[in-house]
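Colleague: Sequence:
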Amino acid sequence: MSLKVETTGSICGAVVTGIDLRENLSKDLVAELRSHWVTNKLLVFPDQQLSDTDLERVTLYFGDFGEDPFFGHIEGHDHIAAIQRNADETTPIFAETYHTDWSFL
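Position one of the sequence shown corresponds to residue 96 (the working numbering), numbered consecutively onward.
The calculated DMTMM-like cross-link candidates involving lysine to aspartate or glutamate, where the alpha carbons are at most 20 Å apart (straight line), are: (1) Lys99 - Glu127; (2) Lys122 - Asp149; (3) Lys136 - Glu101; (4) Lys99 - Asp115; (5) Lys136 - Asp159; (6) Lys99 - Asp123; (7) Lys99 - Glu118; (8) Lys122 - Asp159; (9) Lys99 - Asp142; (10) Lys122 - Glu151.
Pair by pair, the computed Cβ-Cβ distance ranges are: (11) Ser146 - Lys122: 17 to 25 Å; (12) Asp183 - Leu124: 42 to 50 Å; (13) Thr186 - Phe140: 28 to 36 Å; (14) Gly113 - Leu150: 15 to 23 Å; (15) Lys136 - Glu162: 20 to 28 Å; (16) Val139 - Thr186: 26 to 34 Å; (17) Lys122 - Thr148: 13 to 21 Å; (18) Ala177 - Leu155: 13 to 21 Å; (19) Glu184 - Thr102: 32 to 40 Å; (20) Gln179 - Thr154: 17 to 25 Å; (21) Val110 - Ala176: 19 to 27 Å; (22) Glu118 - Glu184: 35 to 43 Å; (23) Ile188 - Gly167: 15 to 23 Å.
In short, the hints are calculated from the structure, not lab data. Just so you know, even glycine gets a beta-carbon here, dropped at the ideal spot from N, CA and C.
Work out the full structure: start from the sequences and follow the hints.
Modeller: Following this line, the structure appears as structure tokens:
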């Protein structure tokens, strides 16, 4: 693996390439990623094809799971929120523009 981190040129954010998040990462690599996260506030990992189990594992690299009483979870994964809108729904869209009160979304 050859970790590469490039800032976006915006006020925050960096693009991380050269790692496969489907693999278990070493403690040193996780510490390096966390350092980049603290510095850049947002990390983008393009072209990663993660399973639900991978997503939960990668999340724990950055901290413990939070609990949220407002979202249901997907079957078999208590820490992945089920956020969806079906094609036939006609109710107004909640928070139509990007909005979150939760740091993990």
